[in-house]
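Q: Residues per chain are reported as follows:
Protein chains: 4
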Amino acid sequence: MIVIANSRTPEEQIQDIIQVIEREGLQVHVSRGEDRIVIGLIGSVEPRLADHLRQMNGVENVVKISKSYKLASRDFHPDNTVISVKGVQIGGGELVVMGGPCAVENAQQIDEIAGLVKAAGGQVLRGGAFKPRTGPYSFQGTGVEGLIMMAEAGHKHGLVTITEVMTPEYVDICAEYADILQVGTRNMQNFDLLRKLGETDKPVLLKRGFSATYDEFLNAAEYILAGGNPNVMLCERGIRTFESYTRNTLDLSAIPVLQNLSHLPVISDPSHGTGRRELVAPMTKASVAAGADGLIIEMHTDPDNSMTGDGVQSLFPDQFAELLQDLEKLAPLVGKSFATPKSPAGILS
Amino acid sequence: MIVIANSRTPEEQIQDIIQVIEREGLQVHVSRGEDRIVIGLIGSVEPRLADHLRQMNGVENVVKISKSYKLASRDFHPDNTVISVKGVQIGGGELVVMGGPCAVENAQQIDEIAGLVKAAGGQVLRGGAFKPRTGPYSFQGTGVEGLIMMAEAGHKHGLVTITEVMTPEYVDICAEYADILQVGTRNMQNFDLLRKLGETDKPVLLKRGFSATYDEFLNAAEYILAGGNPNVMLCERGIRTFESYTRNTLDLSAIPVLQNLSHLPVISDPSHGTGRRELVAPMTKASVAAGADGLIIEMHTDPDNSMTGDGVQSLFPDQFAELLQDLEKLAPLVGKSFATPKSPAGILS
Amino acid sequence: MIVIANSRTPEEQIQDIIQVIEREGLQVHVSRGEDRIVIGLIGSVEPRLADHLRQMNGVENVVKISKSYKLASRDFHPDNTVISVKGVQIGGGELVVMGGPCAVENAQQIDEIAGLVKAAGGQVLRGGAFKPRTGPYSFQGTGVEGLIMMAEAGHKHGLVTITEVMTPEYVDICAEYADILQVGTRNMQNFDLLRKLGETDKPVLLKRGFSATYDEFLNAAEYILAGGNPNVMLCERGIRTFESYTRNTLDLSAIPVLQNLSHLPVISDPSHGTGRRELVAPMTKASVAAGADGLIIEMHTDPDNSMTGDGVQSLFPDQFAELLQDLEKLAPLVGKSFATPKSPAGILS
Amino acid sequence: MIVIANSRTPEEQIQDIIQVIEREGLQVHVSRGEDRIVIGLIGSVEPRLADHLRQMNGVENVVKISKSYKLASRDFHPDNTVISVKGVQIGGGELVVMGGPCAVENAQQIDEIAGLVKAAGGQVLRGGAFKPRTGPYSFQGTGVEGLIMMAEAGHKHGLVTITEVMTPEYVDICAEYADILQVGTRNMQNFDLLRKLGETDKPVLLKRGFSATYDEFLNAAEYILAGGNPNVMLCERGIRTFESYTRNTLDLSAIPVLQNLSHLPVISDPSHGTGRRELVAPMTKASVAAGADGLIIEMHTDPDNSMTGDGVQSLFPDQFAELLQDLEKLAPLVGKSFATPKSPAGILS
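In order, the protein sequence lines correspond to chains E, H, F and Z.
The numbering used here puts the first sequence at residues 491 to 839.
The numbering used here puts the second sequence at residues 491 to 839.
The numbering used here puts the third sequence at residues 491 to 839.
The numbering used here puts the fourth sequence at residues 491 to 839.
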């Protein structure tokens, strides 16, 4: 249930309302927007409490929310959440591009790619140090060493960094070295990991499970939010369907749907979403046109020899740079800003 | 198998090549592009014929094609197919918008909507006269009467018309009244209908079966092409997945994939692809950004009272007009042209 | 809506009820069971009519039915439908086995296989004369000639025959030569074909569309029933899922679900449902254990050289015979009878 | 790669072969069957080593295995794995029935249900203490207290116990109180959990991810096996498809497929696989007919008031008892033994 008040309601009245709710043993979540203040109630609400609240001073409306997720819903939090990481704003008017290799392979590789991401206009460096692999005999990542290499490359080139964390016990060390923590598609319902991330205040990029409904996706985000961490972004990365020509089916409807249902930023991953290099550029543009707040794109200097075998979905550096130039023109048409560096000498020289 | 010749190869040499192939009892399909001429062979080819062809004058290369569809493949026909209908070019540089109601309900309704489609910049009027319905007790369409109403509305407002044909025996009458014939998703593998359409030269919009793979889709197109009708356009309209929040999952990757595999124009249907009005605008823009050659969009003046109950996915006229204005800015960014009328008084007055 | 009367209600009272309903312009469907008589109403019912009927003599209850299909629902027709074809009872206590090749290839082939089906205990000979094929260049069947060959083989060996009809115009000729007409998975929503079959009284085996829900499946059956043909059996043949190891995913839950929702017999097709020979026997037994009324199984004397390339899912004759012997023991455990011939010398000699 | 030797090959020759392999830095896995000894190699094998092994004394054959999983494959381990837990044999000739509530709610509930499971002929008591829930506000289980209650009930009634473990740090405590540890469908690719389970020797029931392919499923099992724990059983529990009438689509083909590809026991879960009480009995029988080694079935004394809301898929005690009596007759037809107690007074009195 939510209680709606006008944004000009005196603070004492708001506090009175909150007190009444807390006295019933319920949790309260307050969202202050430009026009209205939304007070969300978490827990089982007696009808009599709703009646009482409806008559209190300052209350404009009391609305029942039937969704199982609360903090993640736009009903509870009408304005967009904007996550700020080292000066990069995610979920605001700026289009955010995250680029980099599937896996951090060595210091030189990640440094070189970081330079190319920066030169092309990307703000975030992606790279996996711990890799979730279908089978136990595949390359499992470079681990903490990889984390450190990426942190150094990010720092040197002035990029925010994002990396995947696979298990609760590695949350602390990943949080030490990376700016954003990513939860992979197979871990979307690893509830222990979600709870642990809820205890930090680190920004989290939560990937949609490859067969998760929107409702399950938002409930997974709710686990992190309910723990006290409001910095969650959602990432559509393709769902599993009968079509096997593409690695997954990138469900771009997810972008406007999630933005309608929730206030959290929505990122698109056209690399995993298609699994084919030639589809990354058109699906990146389509993602932006559908309203994505950001993109996470694989780029590699030598995709054919990538250590994960995922090179087939990685862009070459010049394709990446060219794509970002296209985004610069496209972003303003959907109300976003995005600028590539004026003299991108780094890429082309 | 295909034989590739230079476009400056003398005609006699081309004819010699064709003669050699036909003498083996194979069918020949010739595609003349700017740079090269592609001679496609349909049927089982003996290795010795390939060797012989490779040594003939004018032959640059002989390539084995492993795909089960031939005429639909870009290998056989490297240049884009452009379908011309009463001055509208589909598959060329122009973005084509088809708009209108799910079903033709009465003369006044279709006339009014036709005026609104035209005023907003649409080139094609859509409307169903024969409606495929899951159950036998639902409204089945206004039939031939509806066809006539739509033909009149199209003629009056200077719009090309498109309507669904559900069965071989109605192909002739539908072709008499409509400019483009549509094959619905449930009929994508109604092979008799496809064969009958192959015998006409009417443009056909073939909708992807809601669970058809790209390969099955192109093979269905091949049935029409193999019958002698080259005027086929492909339409992505959403696939069936586990997600039920949207009516279907609009698979926008299909646009670049089909354009890579085939030379046929690709149209997107964001109305059936999402089944929700609020998603039509973002998914239309995403379709254009992904490279769609055209769009087919439901619009209704009174969606809540539409006779098919599909109003929930129909745009209101002003939403339709506004969306097309956005497309005018978006189209040039993906190399397409699209213009709405300078004085769209008809819509707003 | 349905009106329920006791089975001992005098006939005049039943006729009075029917008269009242028909006077409102509604269709009536009467099902007389052992204990009760169910009078189904098709059309839009005014509340006042329900009230009136509730008070009439002989009426025990008036119940609203929310399902979109009526005649196919068990609400309308509480007892099982039993279809009788030349002495074979389908949907009663007898387990019915239909066996034979994917396609009728020549007279000798179908005659030989018919002998083996009979010897093993099968009651129905399956075989395709008209074959639906994904691409236009594949073998399309032996047509009417094939029909005749199969009719002769069936007659000679005392087997009921079943064959697929693909288009309305072939319904008559297929009905002339075959005892049961099959609608293929791609044609489940070919409404014109369904309507045409509704005009005959020929038994129809309707295959589930490979992505059809139970609701759509029963609505497709409703098209045939609404046309006046009550002799419809439903066939689960596997659905399309993400799993590609099997050709389809045989959804055996469909058997009890359809038997709960409907009174029509339910047949299982483990050959198409799995697409792999080694899975046919276990999935046949599982189908029987789940309650199937019958089975349709591919068997071929030379599967590796079958003309459709579907040999990989066909049993060898001795596997077929052995499987039927297992069914003889299994059937009684689920309340069915099935007997193989006492001296099946034909198979083994 | 595997090296095949005759089971009568002298042990020195086997040791020589092993030594040659280990000298190359590869891992060795030996499976001794009745007829042959299979020596599996894990790691990248040079062609020259294969040639050398082929010529060694005692070697019958050297075969390349292309599957990504090794220890889970039947190639590596031709005979069935039989897991023995307190006298219950899983994967041998005995059909094993695991029954119990979705969640352990209190001591009395689990004790009462344990008595009913035992009386009906079940060998294993199931019950969740830690519950994976889609949303954070749902009942999350009774935790360690629940574990203890179940252990006591199992001990009192002479039942083996199975419970779900959701996170690596709870493996030890769950292993202390339960006899078999279950990995839930959402955790099938929680690789850290799998690795931790690999370090124990506790029997593990691994549930198939609701959208996992067979290949991914067997690779997940491989994580546990590769850690050194050979006691893994596979559980088919339904996959996610477009059909929403059932909670999942129980994929019974998985049973024979997994038994062909692997030597591990295969258990079926018709409760989660259908999500509807009325389908549990037919799908249980179908599972046994398809060859399942065991079943895991939800049963509750008061399903309508179950704490997880999953009561809708739980059998009532008398349904459970009746079903097991049917299995007693069915099991021998597929080569299994299963016996219910001679005087099941406990249930009926």
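Hints in this document: simulated from the structure, not taken from any laboratory.
Because the structure is a prediction, the values reported are computed rather than measured.
Treat the hints with care, as some may be off.
What the hints assert, rightly or not - Straight-line alpha carbon distances no greater than 30 Å define the calculated BS3-like cross-link-like pairs of lysine-lysine that follow:
#: 1; chain 1: F; residue 1: Lys819; chain 2: Z; residue 2: Lys646
#: 2; chain 1: Z; residue 1: Lys832; chain 2: H; residue 2: Lys557
#: 3; chain 1: E; residue 1: Lys826; chain 2: H; residue 2: Lys576
#: 4; chain 1: Z; residue 1: Lys819; chain 2: F; residue 2: Lys832
#: 5; chain 1: H; residue 1: Lys826; chain 2: H; residue 2: Lys576
#: 6; chain 1: F; residue 1: Lys557; chain 2: F; residue 2: Lys832
#: 7; chain 1: F; residue 1: Lys819; chain 2: Z; residue 2: Lys832
#: 8; chain 1: Z; residue 1: Lys692; chain 2: Z; residue 2: Lys646
#: 9; chain 1: E; residue 1: Lys646; chain 2: E; residue 2: Lys576
#: 10; chain 1: Z; residue 1: Lys557; chain 2: F; residue 2: Lys826
#: 11; chain 1: Z; residue 1: Lys557; chain 2: Z; residue 2: Lys646
#: 12; chain 1: H; residue 1: Lys576; chain 2: E; residue 2: Lys819
#: 13; chain 1: H; residue 1: Lys557; chain 2: E; residue 2: Lys826
#: 14; chain 1: Z; residue 1: Lys554; chain 2: Z; residue 2: Lys646
#: 15; chain 1: E; residue 1: Lys826; chain 2: E; residue 2: Lys576
#: 16; chain 1: H; residue 1: Lys826; chain 2: E; residue 2: Lys826
#: 17; chain 1: Z; residue 1: Lys557; chain 2: Z; residue 2: Lys576
#: 18; chain 1: F; residue 1: Lys557; chain 2: E; residue 2: Lys557
#: 19; chain 1: H; residue 1: Lys819; chain 2: E; residue 2: Lys832
#: 20; chain 1: Z; residue 1: Lys826; chain 2: F; residue 2: Lys826
#: 21; chain 1: E; residue 1: Lys819; chain 2: H; residue 2: Lys826
#: 22; chain 1: E; residue 1: Lys819; chain 2: H; residue 2: Lys557
#: 23; chain 1: H; residue 1: Lys826; chain 2: E; residue 2: Lys832
Q: Evaluate each hint against the coordinates.
A: Hints, verified against the model:
1. Restraint check for Lys819/F and Lys646/Z: not satisfied, since their Cα atoms lie roughly 39 Å apart, outside the 30 Å limit.
2. Of the pairs offered as hints, the one joining Lys832/Z and Lys557/H is violated, with about 63 Å between alpha carbons and a cut-off of 30 Å exceeded.
3. This hinted pair does not check out: Lys826/E and Lys576/H have alpha carbons roughly 39 Å apart, beyond 30 Å.
4. Distance check on the hinted pair: Lys819/Z and Lys832/F sit about 24 Å apart at the alpha-carbon level, within 30 Å; holds.
5. Between Lys826/H and Lys576/H the alpha-carbon distance is near 20 Å, which keeps this suggested pair within the 30 Å criterion.
6. Simply put, Lys557/F and Lys832/F have alpha-carbon atoms about 46 Å apart, too far for the 30 Å limit, and the pair is violated.
7. Under the criterion of a C-alpha separation no larger than 30 Å, the hint pairing Lys819/F with Lys832/Z is consistent with the structure, at around 24 Å.
8. For the hint linking Lys692/Z to Lys646/Z, the alpha-carbon distance of about 21 Å falls within 30 Å, and the restraint holds.
9. Restraint check for Lys646/E and Lys576/E: the C-alpha separation of about 14 Å stays at or below 30 Å, so the hint holds.
10. Simply put, Lys557/Z and Lys826/F have alpha-carbon atoms about 42 Å apart, too far for the 30 Å limit, and the pair is violated.
11. This hinted pair does not check out: Lys557/Z and Lys646/Z have alpha carbons roughly 44 Å apart, beyond 30 Å.
12. Distance restraint check for Lys576/H and Lys819/E: the Cα-Cα separation of roughly 34 Å exceeds the 30 Å cut-off, and the hinted pair is therefore not satisfied.
13. Distance check on the hinted pair: Lys557/H and Lys826/E sit about 42 Å apart at the alpha-carbon level, beyond 30 Å; violated.
14. As the CA atoms of Lys554/Z and Lys646/Z are separated by approximately 50 Å, the hinted pair breaks the 30 Å bound.
15. About 20 Å separates the Cα atoms of Lys826/E and Lys576/E, which keeps this hinted pair within 30 Å; it holds.
16. Among the hinted pairs, Lys826/H with Lys826/E is consistent with the structure: their alpha-carbon atoms are about 22 Å apart, no more than 30 Å.
17. Straight-line distance between C-alpha atoms of Lys557/Z and Lys576/Z comes to about 34 Å, which puts the hinted pair past the 30 Å bound.
18. Proximity of Lys557/F to Lys557/E is assessed by CA-CA distance (about 27 Å); at most 30 Å being required, the pair is judged to hold.
19. Our distance criterion of 30 Å between C-alpha atoms is met by Lys819/H and Lys832/E, whose separation comes to about 24 Å.
20. Distance hint between Lys826/Z and Lys826/F is fulfilled; the C-alpha atoms sit about 22 Å from each other, no more than 30 Å.
21. With a C-alpha separation of about 15 Å, the suggested pairing of Lys819/E with Lys826/H holds against the 30 Å cut-off.
22. Of the supplied pair hints, the one linking Lys819/E and Lys557/H is violated, its CA atoms being roughly 38 Å apart against a limit of 30 Å.
23. Distance check on the hinted pair: Lys826/H and Lys832/E sit about 27 Å apart at the alpha-carbon level, within 30 Å; holds.
Hint compliance for this structure: hints 1, 2, 3, 6, 10, 11, 12, 13, 14, 17, 22 are not met, and every other hint is.
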